Structures are given as structure tokens and as C-alpha cells.
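J.: What follows is the residue order along each chain.
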Amino acid sequence: MTMAVPKRRWPSSTVWIVAAVAVVVHVLAWQATEFSPAALIAGWEGMADFLAESLPPDLSVLGKSLEAAVTTLYIGLLGTTFSIPFALLLALLASRATTSAAWAQQAARAVLSFLRSVPDVVFALIFVTAVGLGPFAGVLALVFHNTGVMGKLWAEAMDESDRGPRDALRVTGASGPQIALHAVLPTVMPSLAGLLLYRLDVNVRSSLVLGLVGAGGIGFLINQSIKLFRFDEMVTHILVVLLLVVVVDQASGFVRKRLGA
Amino acid sequence: MLAIRGLRKTFGGRTVLDGFDLTVEAGEFVALLGPNGSGKSTALRCVVGLETPDGGSVSVDGNAAMVFQKIHLVGRRTALDNVCSGALGRLPLHRSVFFGQDVREEAVRCLDRVGLADRVLERCARLSGGQQQRVAIARALCQRANVILADEPVSALDPQAAVQVMELLVELANDGLAVVAVLHQPELARTYAHRIVEMGAFA
Chain A
1 MTMAVPKRRW PSSTVWIVAA VAVVVHVLAW QATEFSPAAL IAGWEGMADF
51 LAESLPPDLS VLGKSLEAAV TTLYIGLLGT TFSIPFALLL ALLASRATTS
101 AAWAQQAARA VLSFLRSVPD VVFALIFVTA VGLGPFAGVL ALVFHNTGVM
151 GKLWAEAMDE SDRGPRDALR VTGASGPQIA LHAVLPTVMP SLAGLLLYRL
201 DVNVRSSLVL GLVGAGGIGF LINQSIKLFR FDEMVTHILV VLLLVVVVDQ
251 ASGFVRKRLG A
Chain B
262 MLAIRGLRKT FGGRTVLDGF DLTVEAGEFV ALLGPNGSGK STALRCVVGL
312 ETPDGGSVSV DGNAAMVFQK IHLVGRRTAL DNVCSGALGR LPLHRSVFFG
362 QDVREEAVRC LDRVGLADRV LERCARLSGG QQQRVAIARA LCQRANVILA
412 DEPVSALDPQ AAVQVMELLV ELANDGLAVV AVLHQPELAR TYAHRIVEMG
462 AFA
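So the protein lines, in turn, are chains A and B. My numbering numbers the first residue of the first sequence as 1 and each following residue consecutively. My numbering numbers the first residue of the second sequence as 262 and each following residue consecutively.
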């Protein structure tokens, strides 16, 4: 007896169409970005000049640089910390583990996705107009953007939490907020803490870019050095940035490992 | 104490319960036996509101608590905290952020009742399966339940722990609670239950 063999389905016409569209989009992108390896090879002398001017680094600005790096770290720290209450509230509203009303979930998700889709640099430019150039505008920008990102990550962590303890408390007659407090949050706390540290790490790096648009810290110094063509100072600042990023990344990684998250 | 009348439940066209009746008196321990898919668990879940029945009625004289096969404690919290959470249903929100002294004392008595007075501050994840199931029963007691519904309470436990949990459930029935347990081991049902109800599968 012959068995009916299912028809081979792959590659299907859908696969071919998707592949063709992907190729066309990449060709368009290649043209629009003026992608040109030849230009890179032809222009290598420019880079060489730039490097020659920037070496050796001017270490006389090291003190100023370290001070500004600490400011950058503080911008990232406050931006992360002050976003905790907003992110927590919105995450609790957005997660299906803690909120049953569909309209509330949708509203919280809409707010989170708005905050997430406006880049922190844009928030910084807006706040600079309100509070002037300086680190405070950077902190405000991070609070807004990080609320969106961290709120979403936290809501997802809550969504994935085990349903069992929630059901068990519902049977005891516990209300939604009580279940969030005694089943969901205790279960997901290590994940929330891990995500918080990950965001701290990212925000310290973001606050660097915020400095470039005038929000203080070491990014601001880098911007100044470039404008004054003091590339040797800039290299010092960049080395300090590397140090800062590595230290924060290692510290956050170490704590996250200990949390098992 | 517990009266189920004509309970019906269908999941996506598959009938799981079709006119199920069960009456359990205070002080009685009833075992539900039957093949997979015969609606034993579904019947219990309908009683506590985790499933909505398609028809029929459920009446509980007082307050029904549920004990699960997978136990469903918060493993990172202490036995005491888990037992206290059984009281949430009668606490207003502002008193349920931190449990008051009265609730904690009641929870310690419940843990003592299940023989775990010495493990009060132990994280549940560090307890054995049998101990965890007894913490879950203490949580049901802290809920001040008159009816305990146990959904395969010993299926995940080793034989010795299973015996301890079964003996505890019988004692609670003898103290005046109505206890219903879904069981998969007929010999445990015959040894401990006051009455056995066999449920058949629907084609």
C-alpha cells in the first residue's frame, strides 16, 4: 500500500515574495544612505589625520573629565530611579496578570508605547527649552523615556509570572491589588530588579548622548572639544567614557548574576 | 455544607460535566474518583469560581478554599506570609500591605495545626513537597474555610508525604469541615475517605 505523502510546502510562493520584497528594500536603503565602501577607502587619509591630531591624548583635562563622567552617571541614576514609581504603576495597569479591565490595559499600554517611541534625545530637546541647558533636562528626559521602556519590560515580566499563585489567592477572595501585592510582585521581584539594573546600564550610556544635545555631563565636554577641534582632549573624554561604561556594565552584570535574573 | 446541583460545563463542544450532583455534609470527607476528563477538577473549579459553569447551581454554607496539585504557593515568601495571604479576602486593602499582628498570630496557629510550627519563617521553596502542601492547607484554614476542595492534593508527592497529607485532611473533616478531594489512587480513597463518588467519562 502506498502512503499519501504530503506535498512539499517549502519554499512556498509566500517565501519567494517576502525574499523579493526584502531584496528591493535593501537596494533602496543602499542608495538612500549613499553606502559606498569606495568612499571609505578613498577617505582613509582623513581618518589618519584625525587620529594623528588626537594622539597623544591631552591628559590635563582628566580631572574635569572625571568630574563630568560622575555627572553623567548621576543623570543616568536619577533618570532611572525617578522613573520607578511611574513604570511600576503603568506596568501593573498594563499587565494582564494584574489588570482584568481591557480598557485600562489598553490605555496603559498606549501611554507606555508613546513614551517609548519618543527618543530620549527628543525629550531632552523639549526639556532644555523648559529648564535650560544642563543635567536636569537630561534627568527629565530619561525619566520619561525610561518609564516607557521599563514599564513595558516589567509588564511583560508580570505577564509571564505563574498563574497558579494568582488563582490560589483569587479563591481566598483577594482583590486585584491584593493579588498583585501578594502573588505577582513577590514572584517577579528578581526579574524586575534585574531589568532595573539593565536599564540603569543603558541609561548611563544614553545620558552621554544627552550631553551632546546640551544636557550636561561628559557628552557635553565631548561636544565642546569637537567644536574647538581639540581632538586630543576628546580622546581623554572618550577613554573616561569607556571606563565609566565598562564599570557600570560590570557592576550591573555582577548584581544581576547574583539575583539570578 | 456543600450542595452542587445539575452542574453542566462544556469546553469547546466537549461536554465535561452534564448534570453533576454532589452533597457534602460538615464532618464528611468525600473522594472523587474517575478517569481523566471526567470533570472532577472542573467541578471543584466551578465551586470556587475559577471556572464559570454553563448551568446548574452551587451553594456553599460559608466559605470554600481550594488546595491544588501544583500547590501554588509563592516560593520566595515565607510559610507565614503565604498562610497570611489566606486572610486577604476579609482584609481591606490598607491593612493588607503588611499583615497585622492578629493575622500573623492566626496564621501561626494554622501552621501549628498542620504540624509546621517550627518552619514558620522558612521560605516555601526550601520546604519539601509534602510540607508545601501542608502550608497550602494552612492557608485554606487561615481563610476560615468550612469547605476544603482538594484537586489531586497528593499526586505530586512521595507516598510518605501523601499519607501525611491524607491523614491531615481526614482530621480536618473529623473536626467538622467538609472536605472533597479529587484522587487518582483508589487505595488512598478507600483508606481515608468516608465516601467515594465515582465519576464517568463522557464520550
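It should be emphasised that the hints constitute simulated quantities derived from the structure, not laboratory data. Remember, it's a predicted structure, so these values are computed and weren't measured experimentally. All C-beta atoms, glycine included, are put in the ideal place defined by N, C-alpha and C. Be a bit skeptical, because a hint or two may be false.
[Stated by the list, open to error] Just some of the chain B residues that point at chain A, by a computed CB distance under 7 Å:
#: 1; residue: Leu311
#: 2; residue: Thr313
#: 3; residue: Met327
#: 4; residue: Ser346
#: 5; residue: Gly347
#: 6; residue: Gly350
#: 7; residue: Arg356
#: 8; residue: Leu429
#: 9; residue: Met460
J.: Each of the hints needs a verdict: does it hold here or not?
T.: Against the structure, the hints come out as follows:
Look at Leu311 of chain B: its Cβ gets to within about 6 Å of chain A, closer than 7 Å, so that hint holds up. At its closest, the beta carbon of Thr313 of chain B sits 13 Å from a beta carbon of chain A; the interface hint therefore is violated under the 7 Å criterion. With 7 Å as the threshold, the beta carbon of Met327 of chain B comes within range of chain A, its nearest partner Cβ sitting at about 5 Å, so the hint holds. With its C-beta approaching chain A no nearer than about 5 Å, Ser346 of chain B sits inside the 7 Å limit, and its interface hint holds.
Given hint, Gly347 of chain B at the interface with chain A, holds; its Cβ is 5 Å from that chain's nearest Cβ, closer than 7 Å. Taking 7 Å as the C-beta contact cut-off toward chain A, the hint placing Gly350 of chain B at the interface holds, the least distance being around 3 Å. Taking 7 Å as the C-beta cut-off, the interface hint given for Arg356 of chain B is violated, the closest approach to chain A being about 10 Å. A least Cβ separation of about 18 Å between Leu429 of chain B and chain A goes past the 7 Å threshold, and the interface hint is therefore violated.
Checking Met460 of chain B against chain A: minimum C-beta separation of about 22 Å lies over 7 Å; hint violated.
Hint compliance for this structure: hints 2, 7, 8 and 9 are not met, and every other hint is.
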